[in-house]
Each structure stands twice: as C-alpha cells, then as structure tokens.
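Peer 1: Residues per chain are reported as follows:
Protein chains: 2
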Amino acid sequence: MWPTLKNDNFLRACLRQPTDHTPVWLMRQAGRYLPEYNATRTQAGGTFMGLATNVDCATEVTLQPLQRYALDAAILFSDILTVPDAMGLGLSFEQGEGPRFAHPVRDEAAVARLAVPDMAKLRYVFDAVTSIRKALAGRVPLIGFSGSPWTLACYMVEGAGSSDYRRVKTMLYARPDLMQRILEVNAQAVTTYLNTQIDAGAQAVMIFDSWGGVLADGAFQRFSLEYTRRVLQGLQREKDGARVPAIVFTKGGGPWLDEIAASGADVVGLDWTVNLGAARARVGARVALQGNLDPSVLFAPPDVVAREAVAVLDSFGAPQRADRGWDGHVFNLGHGISQFTPPEQVAVLVDAVHAHSRRQRLVR
Amino acid sequence: MWPTLKNDNFLRACLRQPTDHTPVWLMRQAGRYLPEYNATRTQAGGTFMGLATNVDCATEVTLQPLQRYALDAAILFSDILTVPDAMGLGLSFEQGEGPRFAHPVRDEAAVARLAVPDMAKLRYVFDAVTSIRKALAGRVPLIGFSGSPWTLACYMVEGAGSSDYRRVKTMLYARPDLMQRILEVNAQAVTTYLNTQIDAGAQAVMIFDSWGGVLADGAFQRFSLEYTRRVLQGLQREKDGARVPAIVFTKGGGPWLDEIAASGADVVGLDWTVNLGAARARVGARVALQGNLDPSVLFAPPDVVAREAVAVLDSFGAPQRADRGWDGHVFNLGHGISQFTPPEQVAVLVDAVHAHSRRQRLVR
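Sequences listed follow chains A and B, in order.
Mapping to this note's numbering: the first sequence position 188 is 188, numbers consecutive.
Adding 1000 to a residue's 1-based position in the second sequence gives its number in this note's numbering.
Just so you know, these hints were derived from the structure itself, not from any lab.
The beta-carbon is built from N, C-alpha and C at its ideal position, and this holds for glycine as well.
Just so you know, not all the hints are guaranteed correct.
Claimed, not checked - What follows is a set of in silico ranges between Cβ atoms, one per label pair, in the way DEER data are often shown:
| id | chain 1 | residue 1 | chain 2 | residue 2 | range |
| --- | --- | --- | --- | --- | --- |
| 1 | B | E1226 | A | R123 | 26 to 34 Å |
| 2 | B | Q1236 | A | D177 | 49 to 57 Å |
| 3 | B | A1347 | A | S92 | 53 to 61 Å |
As the list claims (entries may be wrong) - Stretch-level coverage of chain A by chain B, calculated; a stretch enters the list once three of its residues show a Cβ under 8 Å from a Cβ in chain B:
| id | region |
| --- | --- |
| 4 | 160-169 |
| 5 | 212-224 |
| 6 | 273-280 |
| 7 | 297-306 |
Hey, can you work out the whole structure from these sequences and the hints?
Peer 2: Listed below in structure tokens is the structure:
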C-alpha cells in the first residue's frame, strides 16, 4: 500500500536499533521561520487553521523543510488544540495572541457536557496524514501527534495560554473530581485520535505534554503522567507489520525522567535543562531519548551552532555500547524552533549532526 | 545595638540546628494580595518604586504580613532590579506590564559602559533594612536579598520580561565575552549590595536566580551558577557574632540540585516540581532546604491547603535524624504568592505548618 521507506534511521533510533547516523528533526520544523511557509499561509488566507484544515496546504508545508534540509523525519502539520476544538470549545487564533477558546470548561455543567468528539470532525487531520504519507513517497517516516490529556485540559480550562495556570490548578486542587473527568475524556479522545492517525498513515506518534512541567511533584504523576500512560496503553503499536514508536515529551519534565521512562513510551523527549549523558545513564537502556539543543543556539554564528550540536551528541556519546548494544538518540531541539531563526542555520545544524554522528560510529 | 531576637527558628533551620517548629515565610509575603498593602501603595502614589524608595512605606508594608500571620521571618520590601537601575539603565514599572529598562545593554559599547554602581544610589534600600530591623524589635529575623548576576543580566539585556530570552541567549552563545563581562560586573555589584544590606541589619540574605532555569545544562553552570558562587564567596557570613545564612533559589533549578548545593549556600530554595524528600536524601546533610508548596494550592479550600502543607512537611520528614542530627527545612512556597490569593488562606497555611511540624517533633 505505501512506498518502501528509504531512510528508516529515525524509526530505528526510536526502537534502539543500529543507525547510520543520529537522525534529526525539529519540533515545529514547518513554521514561520521559513519564507515559503509564510507564502503558503498567505495564499491559504493567512490563518493557522486555514492552513491546517486544507489538506493540500498542510501537505505542502509539512514537506517544505524536507526540500531544504536533510531531515530524517516529517511531522504532520497541525495543532494540539484540534481535539478540544472538535469537542465544541470554539478554537480561534487571534493575531499575535496565541490560541483562544470561546467556550472554556470551568464549571461542573461544562465538564458534564464534555465528550469524546466524533472523529469525523477531525477528518481533515487524518486526510492530511494520508496525503503527506503519500507525498513523502517513502523518503522519511511521518510522525503524528497530539497534546497530552493534561496539556489539553490546561487550554480547555484556562481558555488560552496562561502565565500561572491559576484556573486549571484551582480546579485540580479544589475539585479533583472535575479535573479527573476532563482528563478521562481527554485520554480517550487522544487515544482514538492517535490510533486514527496511525490508521491514516502515521509511522510514529508523539504526545506533547507541553505543560506537565508546571505541576507540582505528586500532582504531575497523578494528573498528567497517569493519563498519558492510559493513552500509551490504548495505542496500537504495530501497523502493517511495523512497530509504531510512541514519543512522550514533557517540557520541564526532567525531575520525573525515571517515571516518564516507565510510562510505556518508546522514546522520551528532553528539554535543554537535562544533561543528556546523565539521562542516558539513568534510563537509556529502557527507552530512546530525543533532544535537546536549546533553540536559541540557532541565533549564534554557524561555528557555534555546529559546536553546540557536537556537544549534544558527545553528551549522549557513541550510541553503541559494548554491554548492551544500541542506545537510541533522536536529535532535536528542546522545544519548537523559533520563528526568528535564520533558515540557513538549520542546514548547519542538520549537517553537523549527520557528520559528527557518523564520526562517532567510526570510533570503536 | 539591636534588640534580642525572640524567634530564631528561621535562622536555626537555615543552619541545620534544632527548631521548635518548621519556620515558614512566603516569597512576596508583603504584596498585592493584602488589602492593607494596596492601601499603603495608593497613599505612596500608587507605584511599586514609590513604595520601595520610601523608607517608612517600605517598613510598613514589610511588617504588614507579620501583623496578620505568625510568620517566622520578614523579608525586605524591594525589587531585584534596584541594582541595574542604580547602574543607570532607567527602571520603570508600566501599569500591568512588569518592569522595563529605558537603556537595555545590548551591544559592546553598552557593556563597556557598565560599572558597579555607587552604593549611595541604593541608600534607600539600606535605610529601609535598618528601619525594618528596628521596627521588628527582635520579633523575627530580617532577610535581605538580591537578584543573581544571571537573572539581573536577563533583564538588563532583554530590557523587560521575555518569553524566550532570545536577546540574552543570543549574546550568551554569540558573544560569551560580552556576557561574561556583564556577569562579572553584576557579581561584584551584588556582593557589595548584599554585604551593605548585612551591615545595615539584614540577618540572612537570599539570592533569587529567577531565570537560571531557562538555561541549558552546561550554560547554567557556566553563566549562572559560577557567578552566584562568586557572590557567595565574597559575602560576609558573620555579623555581630552571628552567622548570616545565605539562601540560593533557582526557579527550575531541580536538574542542578547537587551543584547548587555545592555552591557555598547554606540553604537551597526549591520550586514545587522537586520532590522534597528525594532532595533531602541527596543534599540535606550539606545544606538546609527551603520550599516548596505550589502557590496555586492557596486557591483551594482550607482543608486542602492544610492537607497539602502537611504533605510538604511529611515529604521532608521529621527534621531530626538519628544518624546525623538536624536537617534544616524552611517552609515556603515554590514561587512568590499570587496577588489573587485570599488572605485568610495564608493563616490556614501558616498555622498548619506550625501545628504539624510540632507534631513531627513529638514522634521519635
């Protein structure tokens, strides 16, 4: 049904299998730092959701960074808030404001009304997955994604981004029953959403727990990780005879690395505060690791970009270990790429990762 | 010269000495959640700096929370940006906007012009310290404070708060020489500033590294912790025959707990993402720990506030250990108290900390 995959380094690294080089992709790699992205967005009416809901446009922008750079994976162009939007919360993106929901979930009645959305409302997402997979023609694997149950709940309760998460945390501490009901619905919705992406052609899936790191120790395990774990348990992990790796990325999740590594994920994403070598020593025999360059490094001169990329690779170390075979490392930033990044810096980064990681594999 | 200290539990906990109960104070305890604070601020002209630069007003608002609650320490009412303001950067607080500098430090010329400010320009701070110490009349100790060299540099380069710290990180990666020069000047200025606060009457000092946690592993050690260490090395640690404890609080500093504990601080402040019991096991024989309730807990009903306070105390455990005597714990929030906190919740919290920690000391 699908074209043969030509570059499977990303999938192999996720599964801790031998790789030719350390695969690299960048969170938000199809985005505003690319002039061609901005041009397509303007053509599509100028809005983010205009792009994301148009299958041809979503396909085009997903592939744009792959025309420029030797990236080892593509990621569906979409947003984590498509799921609560399909629940009827009324998503909009105000100019320069970030996302906003017209109908935030703040009281018992609103929580009672919540339900797993009809996946037909998200058909534009699944159609985009299939279209992108076809357009990739086996060049690199396609990653599908979703927000974590907790991260979706943050936006659903706050109604927008927040500096202190006061509303959602108040509900968590004052009415944990309401919070748990939201999280149960979200976990079911995310599970179905990701499984349908896998049916549509996604070869790996990533759960973005962007706001897990705002929780207190104890609350994180109970209100974020527990529901991510439920999603992972419900995912189909084989498709067309191939393992579908699941990546969990908790921004600010360093304090809970061991617990996240035990959640059932194949890969744990790390932000730049984590020492990659120390993380590998702690959990690298159980899961692959993804990360973790500070995106701000891309504002520095090319020699600094290359040097910092090498430092990340050297912190992880050569992926083959005499005592346990291959440890998996997927190179990425520790957060989405900034819209202010000079595009030529990404080429420097990708080439440095490939060149140095090939050298690492020669030294035994 | 000074009145005898009646409640020294805070100082004793900082030095890992026996205490009657776990002392508690709250970051930003003199602040907008208190109606009497807002009243004094209005009388002083409505601005933050109007309050901070008026010795009588600063004294009054510092003591306000102590009239309401059985807090175990007072902290100077001031702002971390007084030092760069005295360097001539032109601090202002826009309505609802946060701090702003008229003359941010963004190029080689601006960096070259930087110098340790004449402490005479900060006399209003030292006068406030002396006035507050007198007004406290030995009731509880007075904490002085400063921003860390790195945190001050963030504001000095960005010119305001930032969501991505793009400018300061670009300088860090592209021109580390300029960044290091800023940090050297800041470290000298902060050292002198804190030593002068100690001379004026501060009985403990705290270094707020509010933005250390935005740095990558490696960069944190080199650009934040190294300069905090220099400040700690230059501090006078004895005054009038008493040890002056130094507290270092790095928001998001969990990944570097061991290194921060080895910096020369007597106390390490922790945010709520850190498991207090695990932190104590790792470093509690070397330093006291301060923290770490999520301030959002104060939005929940009183029984939840009390329960979560007990959970923090129980996570630390009874402070006396058979094998090594007393471990120090200063109860605090993991960040400043929110302006939206109902004041009566603070009484619940303080009383719960005192009552439960006294019970902990009875069980052997």
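Peer 1: For each hint, tell me whether it holds in the structure or not.
Peer 2: For each hint, the structure was consulted:
1. E1226/B to R123/A: 26 to 34 Å: 54 Å Cβ-Cβ, so the 26 to 34 Å window is violated.
2. Q1236/B to D177/A: 49 to 57 Å: 53 Å, holds
3. A1347/B to S92/A: 53 to 61 Å: Given about 42 Å between the Cβ atoms, the range is violated.
4. 160-169: This one holds; 4 residues, not fewer than the three required, reach chain B with a Cβ under 8 Å.
5. 212-224: holds (count 7)
6. 273-280: holds (count 4)
7. 297-306: holds (count 5)
Of the numbered hints stated above, those contradicted by the structure are hints 1, 3, listed in ascending order.
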